[in-house]
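**Student:** Next come the chains, spelled out residue by residue.
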Amino acid sequence: MIGAQVGAAVPWLPLHFVPASDLLGILPILIVGGGAVVVLLADLVVPRRGGPLLATLTGVVLLAALGTAVGQWAANAAHPVVFDGSYANDRFTLFADFVILATALAVVGLSPGYLRRRGLEEGEYYILLLASVAGMLVLDGALNLIVIFLGIELLSIPLYVLAGFARDDKKSQEGAMKYLLLGGFASAFLLYGMALLYGETGHTSLTAIHAVLLRGATAGQFDPMILAGIGLLVVGLAFKVSAAPFHWWTPDVYQGSPAVVTTFMSVATKVAAFAVFLRLFSATLAPYRSEWEIPVAVVAIISMIYGNLVAVAQTSVKRLLAYSGIAQAGYVMIGVAVGRPDGTQAALFYLAAYAFMNTGAFAVVTLLSRRGEDCDRYSQLAGLSRREPLLAGLMALFMLSLAGFPLTVGFFGKLFLFSAAIHDGQLSLAIWGILTSAVSLFYYLRVILLMYAPGEDVLETQEMEVAGVSPEGSAVAARSTASPAVLVVALAGFGTILLGVFPALIYTLLQGISVVHG
Amino acid sequence: MLFDYLPVLTFLVMIVLLGIALTVLIPLVGPRKPTKAKGLPYECGIVPAETARRRFSVTFYLTAMLFIVFDVEAIFLYPWAVLLRSTLHVFGLIEMVIFVALIAVALAYVWRKGALEWD
Numbered sequence: 442m443i444g445a446q447v448g449a450a451v452p453w454l455p456l457h458f459v460p461a462s463d464l465l466g467i468l469p470i471l472i473v474g475g476g477a478v479v480v481l482l483a484d485l486v487v488p489r490r491g492g493p494l495l496a497t498l499t500g501v502v503l504l505a506a507l508g509t510a511v512g513q514w515a516a517n518a519a520h521p522v523v524f525d526g527s528y529a530n531d532r533f534t535l536f537a538d539f540v541i542l543a544t545a546l547a548v549v550g551l552s553p554g555y556l557r558r559r560g561l562e563e564g565e566y567y568i569l570l571l572a573s574v575a576g577m578l579v580l581d582g583a584l585n586l587i588v589i590f591l592g593i594e595l596l597s598i599p600l601y602v603l604a605g606f607a608r609d610d611k612k613s614q615e616g617a618m619k620y621l622l623l624g625g626f627a628s629a630f631l632l633y634g635m636a637l638l639y640g641e642t643g644h645t646s647l648t649a650i651h652a653v654l655l656r657g658a659t660a661g662q663f664d665p666m667i668l669a670g671i672g673l674l675v676v677g678l679a680f681k682v683s684a685a686p687f688h689w690w691t692p693d694v695y696q697g698s699p700a701v702v703t704t705f706m707s708v709a710t711k712v713a714a715f716a717v718f719l720r721l722f723s724a725t726l727a728p729y730r731s732e733w734e735i736p737v738a739v740v741a742i743i744s745m746i747y748g749n750l751v752a753v754a755q756t757s758v759k760r761l762l763a764y765s766g767i768a769q770a771g772y773v774m775i776g777v778a779v780g781r782p783d784g785t786q787a788a789l790f791y792l793a794a795y796a797f798m799n800t801g802a803f804a805v806v807t808l809l810s811r812r813g814e815d816c817d818r819y820s821q822l823a824g825l826s827r828r829e830p831l832l833a834g835l836m837a838l839f840m841l842s843l844a845g846f847p848l849t850v851g852f853f854g855k856l857f858l859f860s861a862a863i864h865d866g867q868l869s870l871a872i873w874g875i876l877t878s879a880v881s882l883f884y885y886l887r888v889i890l891l892m893y894a895p896g897e898d899v900l901e902t903q904e905m906e907v908a909g910v911s912p913e914g915s916a917v918a919a920r921s922t923a924s925p926a927v928l929v930v931a932l933a934g935f936g937t938i939l940l941g942v943f944p945a946l947i948y949t950l951l952q953g954i955s956v957v958h959g
Numbered sequence: 012m013l014f015d016y017l018p019v020l021t022f023l024v025m026i027v028l029l030g031i032a033l034t035v036l037i038p039l040v041g042p043r044k045p046t047k048a049k050g051l052p053y054e055c056g057i058v059p060a061e062t063a064r065r066r067f068s069v070t071f072y073l074t075a076m077l078f079i080v081f082d083v084e085a086i087f088l089y090p091w092a093v094l095l096r097s098t099l100h101v102f103g104l105i106e107m108v109i110f111v112a113l114i115a116v117a118l119a120y121v122w123r124k125g126a127l128e129w130d
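Listed in order, the protein sequences are those of chains A and B.
If you count the first sequence from 1, you need to add 441 to reach this note's numbering.
If you count the second sequence from 1, you need to add 11 to reach this note's numbering.
Just chain B, with the same shape it has in the complex:
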């Protein structure tokens, strides 16, 4: 019975070994040619304008939460759009309409309660 879990154990051991090997080998064999641009913090491809340790207004968390909600909605919409014609048909359409309607209700709620006002 426990024997069935052998692949899981093998997988764990491999992960650990691979991790150790990569950490040890890369500094040993990799070439190092540091330039100023390589040393900059990565900010989605833009040249960093100022220090990263800035203070944010606490109201930003509401915007961030809303962003996540609509981000997740978009993530759902992509695979749904791909599969709609081939497999989901009207059933999928109805399901997505219900889902989007619920999110719209949430947006209306947030808007009306004033969470979109910055002050």
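The shape of chain A in the complex, shown without the other chains:
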């Protein structure tokens, strides 16, 4: 189809090329996808244990993609829709690209040291990571049901493998299996919803679907098949963002996966899935808003209540962050339910804030890992403030930010979401958000108290009893060999405070961003 009109003049002459503007529009995806192939080939030639080299190469690829995205933002293209209206490279897409690529860069910074400590140094890790990032970039600009599905599968399939990357760890295997089975199940829901939408409207293009829905809705007709399709879409997407009650895989997968994979999964996947959630619901399906508003708000409220209440009972930091992630998904869902540009902007701001504080919190967990295991049990955190004062301080900062304390970025994230809900007249969403945030204080502060509580350092004594290793040997030594990882944690902490004091740095970027069709 593409370029067919160009070649029509001289049939045998080879002019059926994709227009350069189309390729330019997906340049970040091309860079990441091509980079995955380059890293794969590099993995074949570098000597074994060439982890740092591959990590550097992966970092360069991601930086190049990030630089391209920034350049495209600055150029501010007039017609950002490419490939016959199936991909939008607009500011909404580019902002999501920034968050995804920055998170991936942070994860790559954390990876070499972590993988070495856990004995998981395989080049495939970086290849799969890049493939998954490519899927996320496809997803956040998709303007066509087929492209959405392509993006979701491209981001999920590498993640299934990454979740089980610790091959001799039973929990990792269990998590990967659960993720694969339930993920396939969710994809089926999503696909069924898309099939119903296509069946009723006759289009896969979101723009065309929007036009059909608008015609029906202005005539006061709400097609039951389309309502069923929307319902199935909510289920499929809520699974990907791990919103309750479609969250059952989250705690086991987050706990079982290697900590770097969990970092990536919990932040980048959520950003990409919420991008498509926002695009579908605040633009394409907007004419049916009166019908889906209540179900989406209910999913948001259930997520906030369930995530925050169950998080209280956890005894592992990874599981705590999984349940807190479910609660955070509920907060962002407020932005989806509000729908208007200010809801979208608030959701995007929260996702950016989430990227800083959650990447930071998981990065600390990553740094605490030692030979063959992640030290994420509460008992292993006790006395961290004396063992690792810097890490404990930063962890405390991330916990406060996740709880929404003033002077951290988390505070403004929640403020913008709740005020968007209040402006929209959805008081109940804001009230539930505030009430559950109060509950969340309990478990976030508990982690801080554990780290700063006086008393014996359980991990230290355990280690001396078991292996006879000097207590200085583990985390401190690991830290000195993992300076990029420390840099990542420090940057995340810096961003958390900087944006907590000057939220306008990001909020002004978001002004004028609204999800529109081409």
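No lab work stands behind these hints, which were simulated from the structure alone.
Any given hint could turn out to be false.
[To be verified] Keeping only pairs whose Cα atoms sit at most 20 Å apart, straight-line, the calculated EDC-like set for lysine to aspartate or glutamate is:
(1) B:K124 <-> A:E562
(2) B:K124 <-> A:E565
(3) B:K44 <-> B:E61
(4) A:K611 <-> A:E814
(5) B:K124 <-> A:E563
Go by the hints and put chain B onto chain A.
**Tutor:** Just chain B now, kept in the frame of chain A:
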């Protein structure tokens, strides 16, 4: 609106009826002249050499996976070759070169990682 789906329903009903009719009618009216050759399991036209319930080495799955990859590649190549001169031109050529190159990269990867060694 739901009326539009009537052809689908008709199609489903026809499939079920046809299936039942064929299963019931064939044993009733068809002639049966069994011979030894007719009773043998079908193995692509060769006379079966031994029992089908043999055990395979688990490494066979790698070979099987690679076979599928190149099988699918061949399936793509046939229609592409038919349409190349008439409609696809150089655009099609470039697309196929990219596709084959990616598969070649995958083959190089598999080879180098030792998945083609039997042991």
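**Student:** Each hint: holds or not?
**Tutor:** Quick rundown of the hints versus the structure:
Distance restraint check for K124 (chain B) and E562 (chain A): the Cα-Cα separation of roughly 15 Å lies within the 20 Å cut-off, and the hinted pair is therefore satisfied. Only pairs whose Cα atoms come within 20 Å are accepted, and K124 (chain B) paired with E565 (chain A) is accepted, the gap being roughly 11 Å. For the given pair, K44 (chain B) sits about 25 Å from E61 (chain B) by alpha-carbon distance, which is inconsistent with the 20 Å threshold. With a CA separation close to 12 Å, the supplied pair K611 (chain A) and E814 (chain A) stays within the 20 Å bound.
Of the pairs offered as hints, the one joining K124 (chain B) and E563 (chain A) holds, with about 11 Å between alpha carbons and a cut-off of 20 Å not exceeded.
Consistency with the previously given hints fails for number 3 only.
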